[in-house]
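> One-letter residues, chain by chain:
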Amino acid sequence: MKSFFALLHHEIKLHLRQASDSAALLLFFIIVIVLMPFALGPEPEILRRLAPGLIWLAALLMSLLSLDRLFVQDARDGTLDIWLTTPTPLPLLVLAKILAHSVLILSALTLMMFPAALVLGMDAALLPVLLLSFVLGVPCLVFLGGMAGAITVALQRNPALLTLLLIPFYIPVLIFAVSACDAAAAQTSPASNLLLLGAILALVAPSAPFVIAAALRSGQG
Amino acid sequence: MNLTTRFANPAQFSRLAQILMPIVGCGAVMACGVGLYLALFASPPDYQQGETVRIMYVHVPAAWIGMALYMAMAVAAGIGLVARHALADIFCRAAAPVGAVLVGICLITGSLWGKPTWGAWWVWDARLTSVLILFLLYCGYITLRASFDDQERGSKAGAILLLIGAVNIPIVKFSVEWWHTLHQPASLLRKGGAAIHPDMLVPLLVMALGYGLFTSFVILLRMTTLLLARKIERQREREEYA
Amino acid sequence: MFEVHNLSCRRGGRLVFRTLSFGLGAGGFLLVNGANGSGKSSLLRALAGLAPCDGVMSWHGTNVTQDWMAQRERSLYIGHLDAVKTTLTVREHLDYWQALRGTAKPDQPSTLEAFALTRLADRAGRSLSAGQKRRLSLTRLVLHDAPLWLLDEPTTALDRDGQALLFDRIANHRAKGGMVIAASHDEMPIKDAQILTMPGGAR
Numbered sequence: 001m002k003s004f005f006a007l008l009h010h011e012i013k014l015h016l017r018q019a020s021d022s023a024a025l026l027l028f029f030i031i032v033i034v035l036m037p038f039a040l041g042p043e044p045e046i047l048r049r050l051a052p053g054l055i056w057l058a059a060l061l062m063s064l065l066s067l068d069r070l071f072v073q074d075a076r077d078g079t080l081d082i083w084l085t086t087p088t089p090l091p092l093l094v095l096a097k098i099l100a101h102s103v104l105i106l107s108a109l110t111l112m113m114f115p116a117a118l119v120l121g122m123d124a125a126l127l128p129v130l131l132l133s134f135v136l137g138v139p140c141l142v143f144l145g146g147m148a149g150a151i152t153v154a155l156q157r158n159p160a161l162l163t164l165l166l167i168p169f170y171i172p173v174l175i176f177a178v179s180a181c182d183a184a185a186a187q188t189s190p191a192s193n194l195l196l197l198g199a200i201l202a203l204v205a206p207s208a209p210f211v212i213a214a215a216l217r218s219g220q221g
Numbered sequence: 001m002n003l004t005t006r007f008a009n010p011a012q013f014s015r016l017a018q019i020l021m022p023i024v025g026c027g028a029v030m031a032c033g034v035g036l037y038l039a040l041f042a043s044p045p046d047y048q049q050g051e052t053v054r055i056m057y058v059h060v061p062a063a064w065i066g067m068a069l070y071m072a073m074a075v076a077a078g079i080g081l082v083a084r085h086a087l088a089d090i091f092c093r094a095a096a097p098v099g100a101v102l103v104g105i106c107l108i109t110g111s112l113w114g115k116p117t118w119g120a121w122w123v124w125d126a127r128l129t130s131v132l133i134l135f136l137l138y139c140g141y142i143t144l145r146a147s148f149d150d151q152e153r154g155s156k157a158g159a160i161l162l163l164i165g166a167v168n169i170p171i172v173k174f175s176v177e178w179w180h181t182l183h184q185p186a187s188l189l190r191k192g193g194a195a196i197h198p199d200m201l202v203p204l205l206v207m208a209l210g211y212g213l214f215t216s217f218v219i220l221l222r223m224t225t226l227l228l229a230r231k232i233e234r235q236r237e238r239e240e241y242a
Numbered sequence: 001m002f003e004v005h006n007l008s009c010r011r012g013g014r015l016v017f018r019t020l021s022f023g024l025g026a027g028g029f030l031l032v033n034g035a036n037g038s039g040k041s042s043l044l045r046a047l048a049g050l051a052p053c054d055g056v057m058s059w060h061g062t063n064v065t066q067d068w069m070a071q072r073e074r075s076l077y078i079g080h081l082d083a084v085k086t087t088l089t090v091r092e093h094l095d096y097w098q099a100l101r102g103t104a105k106p107d108q109p110s111t112l113e114a115f116a117l118t119r120l121a122d123r124a125g126r127s128l129s130a131g132q133k134r135r136l137s138l139t140r141l142v143l144h145d146a147p148l149w150l151l152d153e154p155t156t157a158l159d160r161d162g163q164a165l166l167f168d169r170i171a172n173h174r175a176k177g178g179m180v181i182a183a184s185h186d187e188m189p190i191k192d193a194q195i196l197t198m199p200g201g202a203r
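Protein chains in written order, with the numbering used here: chain A, 1 to 221; chain B, 1 to 242; chain C, 1 to 203.
By construction, these hints were calculated from the structure, which means they are not laboratory data.
Be careful, since some hints might not be right.
Some but not every residue of chain B turned toward chain A, in silico, with C-beta under 8 Å [as the list claims (entries may be wrong)]:
1. VAL60
2. ARG153
3. LEU161
In the EDC-like style, the derived pairs of lysine to aspartate or glutamate whose C-alpha atoms are separated by at most 16 Å in a straight line are [unchecked claim]:
4. C:LYS133 to C:GLU153
5. B:LYS115 to B:ASP125
6. C:LYS133 to C:ASP161
7. A:LYS13 to A:ASP74
8. C:LYS176 to C:ASP145
9. C:LYS133 to C:GLU113
10. A:LYS2 to C:ASP95
11. C:LYS133 to A:ASP21
12. A:LYS13 to C:GLU153
13. B:LYS231 to B:GLU152
14. A:LYS13 to C:ASP145
15. B:LYS173 to B:ASP125
If you're wondering where the values come from, they're calculated on a predicted model, not measured in any experiment.
Each residue gets a CB set at the ideal place from its N, CA and C atoms; glycine is no exception.
The whole structure should be built from the sequences, with the hints applied where relevant.
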């Protein structure tokens with residue numbers, strides 16, 4: 001247990017040390033947001049109505065981009081070998097890594113959702129629901145991304161393959177997250193959508209560490 | 001002797017396949033022949049859509065078999081991971097392109113059906129969208145397997161992908177249905193499903209049988225080919241090493 | 001007593017080695033040599049549980065493949081990648097590796113001294129030379145207590161002093177009853193070493 005928190009602390013420290021990479025993620029997010037009005041037209045009504053979906057789309061793309069640092073770096077420098085030969089249970093290590101990564105992405109989004117909402121003219125009353133959808137949805141994205149990343153860790157870096165593998169899994173998360181915000185925007189309760197999002201998280205979170213551990217073990221040769 | 005272990009021996013499987021293939025192949029030709037006759041000539045046209053409904057007999061069975069095949073692959077993947085059945089992975093590799101093509105046929109014929117019926121080549125209808133996502137699942141698996149040089153590692157990675165994909169399918173169906181009803185576009189596709197007239201149901205089932213037999217034939221063929229390729233590779237290795 | 005019978009391993013779709021057998025007793029040292037591509041690294045990875053293989057491995061008679069966790073506890077694998085992160089200092093690496101292994105904190109100064117890293121304790125990974133990185137990764141030998149050492153090309157990038165430190169550590173370990181299996185295409189001045197030459201490779 002103590003080592004779990006020690007690991008969590010180390011993983012977060014690693015993320016903080018790689019500040020320039022993290023900044024690149026924030027920048028990517030904001031660029032995608034800024035490009036939206038140019039693609040869709042500057043009409044405030046359209047942007048405001050689409051804002052939660054656009055923000056979630058940018059968040060999803062940013063998550064996809066960030067998956068590279070989940071296992072690929074460790075595989076490349078040999079740390080993954082240490083993970084696989086240590087007597088500590090691998091799912092525990094995986095959980096620490098994934099939680100640290102989720103904290104990173106969630107922090108980035110919590111920060112960036114304010115300027116994004118501003119720029120797209122999103123109703124400020126939707127911010128709590130948006131945040132809640134991030135809290136439930138981002139770990140889903142990271143857990144699922146971890147599974148796809150672990151499956152492909154032995155391959156050459158191929159972001160296109162990772163995206164292809166993840167899209168069928170990301171679509172339900174996106175649907176429920178954005179529908180929650182849309183429901184709130186229509187003055188109805190977002191509860192059912194958020195609960196469904198929570199259900200996905202409840203399914204993915206306990207199983208992902210074991211699936212990822214199995215995938216990492218079988219990926220080595 | 002356990003049914004599955006009995007056919008775990010690749011050589012025995014190949015012999016079995018040699019016997020089965022002609023039978024299954026002929027069955028497929030007959031079923032498709034009868035099915036097409038029924039579909040194109042003997043069945044009645046739809047009161048709303050007229051003759052264009054006949055494309056349904058090509059479109060719907062493709063969806064059924066494509067869907068069933070993915071589940072079969074997922075089950076095989078599970079057996080391969082847990083029981084280490086020798087042929088499970090060969091089956092998955094053999095079946096994947098077949099399933100992808102079937103789902104592709106479903107999408108294309110769906111599109112061709114849609115143009116005269118709804119006036120659009122594509123609509124984001126719940127069912128079509130789910131089928132599109134199934135197509136992406138197939139493509140993902142095929143691309144994943146193709147990216148691995150080492151087929152043993154690839155088989156484990158692919159098996160995991162199939163299993164989580166199978167769990168995802170009901171989630172996708174539900175969420176896409178949910179998404180579609182939330183946004184409530186004008187109902188373009190008549191929600192026809194509850195009671196299909198037996199005159200239409202019979203050709204549909206016959207076609208489904210034909211598709212199933214044809215798919216089995218192709219998969220048996222591909223499996224024997226893959227086993228042969230593996231045998232050649234092993235032989236080459238033995239010679240090189242010795 | 002660590003015994004291996006008829007071990008064979010496929011990697012990347014090729015058969016890398018087959019029907020390898022050897023036995024190693026307490027205090028023993030096995031040097032695995034062979035040409036490039038003969039499968040030395042694959043053998044070590046198979047012994048560490050990183051690569052699937054066919055054959056029998058047993059530790060004091062019990063089959064290793066039935067309980068990989070026990071094998072991980074008793075062995076320490078150091079591959080030819082150093083696992084050095086550019087943003088962590090030497091000290092932080094040791095902390096991290098300890099957290100991964102779940103071991104209690106041993107005395108830090110003597111750990112750093114084992115491979116003469118005291119002076120570099122607060123240097124970040126990016127400013128270490130190849131030899132220094134190697135020393136850092138070898139420090140894991142002192143950090144963790146494991147009877148079986150699996151070393152893949154341990155002397156790579158090490159200067160003569162570094163190599164002397166390594167051989168010292170190995171001698172120490174063997175004297176306490178530990179075992180070492182090392183892969184190297186160099187000569188290693190180790191006394192009473194068993195030698196396993198891998199067939200194949202470099203054609």
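> All hints, please: hold or fail.
Hints, one by one, checked against the model:
1. For VAL60 (chain B), the suggested interface contact is broken, since its CB lies about 22 Å from the closest CB of chain A, more than 8 Å.
2. Checking ARG153 (chain B) against chain A by beta carbon gives a least distance of about 6 Å; that is within 8 Å, so the hint holds.
3. With a least beta-carbon distance of about 6 Å to chain A, the hint placing LEU161 (chain B) at the interface is held under the 8 Å criterion.
4. Taken as a hint, the LYS133 (chain C) and GLU153 (chain C) pair is honoured in the structure, with Cα atoms around 14 Å apart against an allowance of 16 Å.
5. Distance check on the hinted pair: LYS115 (chain B) and ASP125 (chain B) sit about 14 Å apart at the alpha-carbon level, within 16 Å; holds.
6. Restraint check for LYS133 (chain C) and ASP161 (chain C): the C-alpha separation of about 14 Å stays at or below 16 Å, so the hint holds.
7. Of the pairs offered as hints, the one joining LYS13 (chain A) and ASP74 (chain A) holds, with about 15 Å between alpha carbons and a cut-off of 16 Å not exceeded.
8. Of the supplied pair hints, the one linking LYS176 (chain C) and ASP145 (chain C) holds, its CA atoms being roughly 11 Å apart against a limit of 16 Å.
9. A hinted pair counts as satisfied when its Cα atoms are at most 16 Å apart, and LYS133 (chain C) with GLU113 (chain C) qualifies at roughly 14 Å.
10. A distance of roughly 13 Å separates the Cα atoms of LYS2 (chain A) and ASP95 (chain C); the hinted pair therefore holds under the 16 Å criterion.
11. Taking the CA atoms of LYS133 (chain C) and ASP21 (chain A), the gap is about 23 Å. The hint is violated against a cut of 16 Å.
12. With a C-alpha separation of about 31 Å, the suggested pair LYS13 (chain A) and GLU153 (chain C) falls outside the 16 Å cut-off, and the hint is violated.
13. Distance check on the hinted pair: LYS231 (chain B) and GLU152 (chain B) sit about 15 Å apart at the alpha-carbon level, within 16 Å; holds.
14. Restraint check for LYS13 (chain A) and ASP145 (chain C): not satisfied, since their Cα atoms lie roughly 26 Å apart, outside the 16 Å limit.
15. For the given pair, LYS173 (chain B) sits about 12 Å from ASP125 (chain B) by alpha-carbon distance, which is consistent with the 16 Å threshold.
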